[in-house]
Amino acid sequence: MTDAQQAVDPEALDRLLEMTGGDPDFLAELIDTFLEDAVAQLEALRTAVSAGDAEAAIRPAHSLKSNSASMGADRLADLSRALEADARGGRIDDGPARVDDAAAEFEAVRTALLAIRKAP
Amino acid sequence: MTNGGRVLVVDDERLNRSILRAALGKEGHDVVEAADGREALDRLAEGGADVVLLDIVMPVMDGYETLAAIKADPDLAHVPVIIISGVDQVDSVVRCIEMGATDYLTKPFQPAILKARLDASLAAKRLRDLELEYLEQVSRVTGAAAALEAGNEDLEDLAAVATRDDALGVLARRFESMAREVLAREARLREQVRELRIEIDQSRQARQVAEITDTDFFRDLRGRAADLRRTIRVDGTDGPGEIGEPELEAPG
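Chains as they are written, first to last, in this note's numbering: chain A, 1 to 120; chain B, 1 to 252.
Source of the hints: derived by calculation from the structure; they are not laboratory data.
Owing to the predicted nature of the structure, the values given are computational and were not obtained by experimental measurement.
All C-beta atoms in this analysis are idealised placements derived from N, C-alpha and C, irrespective of residue type, glycine included.
Here chain A is said to cover these stretches of chain B; the calculated rule only asks that three of the stretch's residues, wherever they fall, bring their Cβ under 8 Å from a Cβ of chain A:
no. : region
1   : 16-27
2   : 106-116
Some chain B residues well away from chain A (every beta-carbon gap over 10 Å; in silico):
no. : residue
3   : D42
4   : E176
5   : F218
Okay, the calculated beta carbon distance ranges per label pair:
no. : chain 1 : residue 1 : chain 2 : residue 2 : range
6   : A       : A104      : B       : G28       : 39 to 47 Å
7   : B       : D75       : A       : P10       : 40 to 48 Å
8   : A       : A115      : B       : I97       : 38 to 46 Å
9   : A       : F26       : B       : T142      : 49 to 57 Å
10  : A       : D32       : B       : I97       : 35 to 43 Å
Just need the whole structure built from these sequences, with the hints factored in.
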């Protein structure tokens, strides 16, 4: 499920690279930004669901969903989307476990992105 | 192909701003960034924008509030706003379109679709800018006509309009030419009136002199003065008075 090979859609990254001018260094910058921000978003999400604060969980879930989709991390985007939707509906009883799932998926995404970043 | 425009990207996520900056810069657009709605309004107040790309979920001031503020401002209401949001719910799309958004794209956006909608929005904005400029210049021509009617001879406001190469430019040039003819004619008439006034004043003075010199009293006085001068010449004296003036009596 958290296979690094499938965590990131390489075609999505190719499209992103082409759209932004074809500069691999710039793509590396985007990867760094994504990884850095995702850590903060997962942390904010975990804090919110641990406190039972559905309202506070909406923004980090929304941001993680949006950024993951932009980087081709579709499964992480789906997990975040579901978390956001449930947070909007005030349903975060199983939030901590689902944040754990998202964090595990994020590790797979990180591995895949770092491999792409280092590729010649 | 639309030339590049000034695009304001409003998104709290720096990743999205970076992606949009690079993608739009590649298409020749000048990109300005804002991390929330309040910053966006500040950027718009500083230098405006041809198009706004607006996220919905943001801190401080969200996309709905920002869109409402833009559309409520007469100076900004005509700026096209394209929503680019991770919120893909139909009610959000409907709400934004009803509030005046030009379009609604969901993240991650398709570059070709963004380009097409951005180009269409830029073309619409430029057309609107031309309309506004046209209306402003029409108002300059009508303003100059009103000012001329009120006696103001300053036609400088027409200079920019007169350089246009369309029908409005022809109208402005024709109006300017006619106005200058009218002003020159007025100046000539004023000079003629001034000269006539001088003539009238001179005639009036001559008439007033005549009113005095044409009286029997004045003629009698002149005769007595002549007699006195003759008497002085014959006697070799100054006559009855020291200064040779006759003693005059008022007429009857």
